[in-house]
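Chain by chain, the residues:
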Amino acid sequence: MRNAATVAAVMTGGLPLAVLAGALVLWNHFSHAPDGAGGALDRVNEPTASVREADSEPAVDSEPAPSATQPAPTLSLVRTSSDPVVVERDTRELLDEASLLSSLHELAAADPPQSLRLARRAVNRFPDSPHAPEFQWNVVKALFNMGRLDEAKNEARAMLGKYPNSSFTGDVIHHLLNPPPNPREP
Amino acid sequence: MGGGGTAGFGGATGGGETASFGGATGGGETAGFGGATGGGETAGFGGGLSNAGRSAQAGADGGSEAPAGGRSAGGASSSGGLGAGGAGTPSSGGATSGGAASSGGSGGGVGCSVAPVTPNATQQTKNLLCYLYGIKGNHVLSGQQETNWDANPSDIAWYASNIGKYPAVLGSDFLYRDGASCSSVTPSTTRAIAYWNAGGISMFRYHMGMPGAGLTCTADCYQGNDCAEPTTKPSGSFFTNVVTAGTPENTSLNAKLDYVAVQLGAMQAANVPVIFALYHETQPNGWFWWAQTSSGSAFIDLWTYTFDYLTKTKGLKNIVWLMPFSGGPSASFYPGKAFVDIGGPDEYTQPSNLATFNAATNYNPAAAIFGTSMPIALHETGTAVQPDYMFPNTAPWVLWNIWATYENTAQSGFMFNTVDSLKAAYASQYTITRDEIPNLK
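Going line by line, the protein sequences match chains A and B.
Per numbering that gives the first Met the number 0: the first sequence = residues 0 to 185.
Per numbering that gives the first Met the number 0: the second sequence = residues 0 to 440.
The shape of chain A in the complex, shown without the other chains (with noise of 0.2 Å):
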């Protein structure tokens, strides 16, 4: 594995944190542009190396389980001359986050499969990110799309116990762990 300072130093040029930093929320902001947005931002939601990994990947069967170790996300401790010292997530995960929920903003509902595969890596990868509960909730959305309802209820009981105040645990509670009943008929 590379050097992760070295990686930091060259996917930051030099740049002071705070300006890759603020490029970075930019970059993620128009990632999220809405439907036929267009334009030269459109370059930057090329997906990753790691992401075009997942079309190649087989089945959504042999994906590993949520519960598997995964190798821990790489810090990388970064100085300028003046900046106090930091410990910052590396860059390239950064990235790979961002890229990994603007491609489940653009999926959408269209490929559920694509969609569980990439939301679980998302899961196993973040855990703490505050985009987790949203990475949680495309695993359950995707399951409830291919129909695998028992699986995405557990998916949405695992929410519960992890991001109880967040919007999208409130979201998976109403639609599937306490939906209204079928109409009865007298």
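Worth double-checking, as some hints may not be accurate.
[As the list claims (entries may be wrong)] Distance ranges between label pairs, derived from CB positions:
#1 A:K161 with B:A114: 42 to 52 Å
#2 A:D110 with B:T239: 13 to 23 Å
#3 A:N153 with B:A244: 36 to 46 Å
[To be verified] Calculated pairs, SDA-like style, for lysine to any residue (alpha carbon to alpha carbon, straight line, at most 25 Å):
#4 B:K164 with B:S331
#5 A:K152 with B:G223
#6 B:K232 with A:K161
#7 A:K161 with A:P112
#8 B:K232 with A:R156
#9 A:K161 with A:N181
#10 A:K161 with B:N416
#11 A:K152 with B:D225
#12 A:K152 with B:T404
#13 B:K232 with A:M145
#14 B:K336 with B:A260
#15 A:K152 with B:T231
#16 A:K161 with B:S351
#17 B:K232 with A:G146
#18 B:K311 with B:A269
#19 B:K232 with B:C220
#20 A:K161 with A:E184
#21 A:K152 with B:N416
#22 B:K232 with B:T243
#23 A:K152 with B:S411
#24 B:K232 with A:S128
#25 A:K161 with B:G412
#26 B:K311 with B:T393
#27 B:K232 with A:S102
#28 A:K152 with B:C220
#29 A:K161 with A:L176
#30 A:K152 with B:N224
#31 B:K232 with A:P129
#32 B:K422 with B:T393
[Unchecked claim] Here's a subset of chain B near chain A, in silico, CB distances under 7 Å, partners left out:
#33 T230
#34 S234
#35 S236
#36 P283
#37 Y347
#38 Q349
#39 Y388
#40 F390
Worth flagging that the hints you see were computed from the coordinates, not collected in a lab.
Here a beta-carbon is modelled for each residue, glycine too, at the ideal position from N, C-alpha and C.
With chain A fixed as given, assemble chain B onto it according to the hints.
The following block gives chain B in isolation, referenced to the frame of chain A:
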């Protein structure tokens, strides 16, 4: 401005019967959104709803006690009513300075410049929409979805017993026919008419089953095959077929809309306007078949087809069209102002603090789509928002509607509301309950 039957949106002055949205001053009992001064017999949509209105119930300055709840003795029914036109500027509150006096005010002219998107809307529909615009930014309608799947829903009665007030808005669902045929009026519709006659406002949604060959309203269900949350998702050319005449999907959609038309038609015959939140909880990759698409244009085609079918083909004139997003609204799914009267998102977060919950995180994304002038409705929520933490600008919802059973029953072990939190929401000076809605008839 002027005496006798005066109606204005932005403000009205004058003696006699004066109706105003934005504020009213004048002789007689005067009530307005912005404040009330004077005595005599003046009533308006704002009557009893402004701070001064509620004070008037206790006997405020300037006159005898205003009619409880500000029910207008002549406001909406003044000649000219509240149809479109007039230059009245909606008032956002304040006393007699609330908005400019309507040029349509004299002689019972009209002052509401907002027209429903429904062509040739009934007067009650116009009144309702004007009312929603009138309270936007200064008051919020309380609401509760009833448990339609029960033969005798007890939600509203629970409020009377435990909160001491009735919700302003009764939410309902066309899914539950209680055995009625597709050509019969359902008990839900009958209850909605009764609620209107008791002074409330009706809002309906419809967990319409996914259209398919030979399917009518009798096949409607919530979750399962051919249901609103279908096990077989729309695929291929479904969204094209469903709006194309002659296809099995379109024939099925029309049949289901015919059933809706029977219900709305019955309400129209009873002069009941309906806030219609069709195709609710829409978002890309939504739960229901109508949102099982990444294509905003496909959804918009479905919406506009339905709009035309109900208003033109079926001739319905009593619909206030609410565009009901989920908590993740998407501008690409917005049909546009020509087909939407009001709009909003839903919200099912389990709040950490019921006492201060205002769903503010959902308000701005919705307002960014609908614009700053359109009333934004929290058309479905698990938790009642607290109006004292909404106004003036944080999250000025025009209504909230608690989902059925969430008002008093734990959901997966979590209480989304308590009696105390609901009492606090209902006690707010900004909250409108059923008894405080002016005469919109």
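Verification of the supplied hints:
1. K161 of chain A and A114 of chain B have their C-beta atoms about 48 Å apart, which keeps the hinted 42 to 52 Å range intact.
2. Restraint check, D110 of chain A to T239 of chain B: a C-beta distance of roughly 19 Å satisfies the suggested window 13 to 23 Å.
3. One distance hint, 36 to 46 Å for the beta-carbon pair N153 of chain A and A244 of chain B, holds here, with the actual separation near 43 Å.
4. For the hint linking K164 of chain B to S331 of chain B, the alpha-carbon distance of about 39 Å lies beyond 25 Å, and the restraint is violated.
5. The hinted pair formed by K152 of chain A and G223 of chain B meets the criterion: a straight-line CA distance of about 14 Å does not exceed 25 Å.
6. With a CA separation close to 29 Å, the supplied pair K232 of chain B and K161 of chain A exceeds the 25 Å bound.
7. The straight-line distance between the Cα atoms of K161 of chain A and P112 of chain A is roughly 24 Å, inside the 25 Å bound, and the hint therefore holds.
8. With a C-alpha separation of about 23 Å, the suggested pairing of K232 of chain B with R156 of chain A holds against the 25 Å cut-off.
9. Straight-line distance between C-alpha atoms of K161 of chain A and N181 of chain A comes to about 30 Å, which puts the hinted pair past the 25 Å bound.
10. A C-alpha spacing of about 22 Å is found between K161 of chain A and N416 of chain B, which places the hinted pair at or below 25 Å, so the restraint holds.
11. The straight-line distance between the Cα atoms of K152 of chain A and D225 of chain B is roughly 20 Å, inside the 25 Å bound, and the hint therefore holds.
12. For the hint linking K152 of chain A to T404 of chain B, the alpha-carbon distance of about 20 Å falls within 25 Å, and the restraint holds.
13. Our distance criterion of 25 Å between C-alpha atoms is met by K232 of chain B and M145 of chain A, whose separation comes to about 8 Å.
14. At most 25 Å may separate the alpha-carbon atoms for a hinted pair to count; K336 of chain B and A260 of chain B meet this at roughly 23 Å.
15. Proposed proximity of K152 of chain A and T231 of chain B is supported: the alpha carbons are some 17 Å apart, at most 25 Å.
16. Note on K161 of chain A and S351 of chain B: the hinted pairing holds, with a Cα-Cα distance of about 15 Å set against a maximum of 25 Å.
17. A distance of roughly 9 Å separates the Cα atoms of K232 of chain B and G146 of chain A; the hinted pair therefore holds under the 25 Å criterion.
18. Using a Cα cut-off of 25 Å, the hinted pair K311 of chain B and A269 of chain B holds, with the two alpha carbons roughly 20 Å apart.
19. A hinted pair counts as satisfied when its Cα atoms are at most 25 Å apart, and K232 of chain B with C220 of chain B qualifies at roughly 14 Å.
20. For the proposed pair K161 of chain A and E184 of chain A, the alpha carbon gap of about 39 Å is over 25 Å, so the pair is violated.
21. A distance of roughly 24 Å separates the Cα atoms of K152 of chain A and N416 of chain B; the hinted pair therefore holds under the 25 Å criterion.
22. About 19 Å separates the Cα atoms of K232 of chain B and T243 of chain B, which keeps this hinted pair within 25 Å; it holds.
23. Only pairs whose Cα atoms come within 25 Å are accepted, and K152 of chain A paired with S411 of chain B is accepted, the gap being roughly 12 Å.
24. Distance check on the hinted pair: K232 of chain B and S128 of chain A sit about 31 Å apart at the alpha-carbon level, beyond 25 Å; violated.
25. Of the pairs offered as hints, the one joining K161 of chain A and G412 of chain B holds, with about 15 Å between alpha carbons and a cut-off of 25 Å not exceeded.
26. Between K311 of chain B and T393 of chain B, the direct Cα distance comes to roughly 39 Å. Violation of the 25 Å bound is thereby established for this hinted pair.
27. As the CA atoms of K232 of chain B and S102 of chain A are separated by approximately 21 Å, the hinted pair is consistent with the 25 Å bound.
28. Between K152 of chain A and C220 of chain B the CA atoms are separated by roughly 19 Å; this keeps the pair inside 25 Å, and the hint holds.
29. Restraint check for K161 of chain A and L176 of chain A: satisfied, since their Cα atoms lie roughly 15 Å apart, inside the 25 Å limit.
30. The suggested pairing of K152 of chain A with N224 of chain B holds, with an alpha-carbon distance near 18 Å, which does not exceed 25 Å.
31. Between the alpha carbons of K232 of chain B and P129 of chain A the distance comes to roughly 30 Å, so the proposed pair goes past 25 Å and is violated.
32. The hinted pair formed by K422 of chain B and T393 of chain B meets the criterion: a straight-line CA distance of about 21 Å does not exceed 25 Å.
33. Annotation: interface hint on T230 of chain B holds; nearest CB of chain A at approximately 5 Å, less than 7 Å.
34. Here the hint on S234 of chain B is broken, as its CB sits about 10 Å from the closest CB of chain A, past 7 Å.
35. For the restraint placing S236 of chain B at the interface with chain A, the shortest Cβ-Cβ distance is roughly 14 Å, beyond the 7 Å limit, so the hint is violated.
36. Hint status for P283 of chain B: holds, given a least beta-carbon distance of 4 Å to chain A, under 7 Å.
37. Hint status for Y347 of chain B relative to chain A: holds, with the closest Cβ pair at about 3 Å, below 7 Å.
38. Of the supplied interface hints, the one on Q349 of chain B holds, with its beta-carbon coming within about 6 Å of a beta-carbon of chain A, less than 7 Å.
39. Given the 7 Å rule on beta carbons, the hint for Y388 of chain B is violated: about 17 Å separates it from the nearest Cβ of chain A.
40. A hinted interface residue such as F390 of chain B counts as satisfied when its beta carbon comes closer than 7 Å to some beta carbon of chain A; here the least separation is about 22 Å, so the hint is violated.
Hints 4, 6, 9, 20, 24, 26, 31, 34, 35, 39 and 40 from the list above are not met by this structure, while the remaining hints are.
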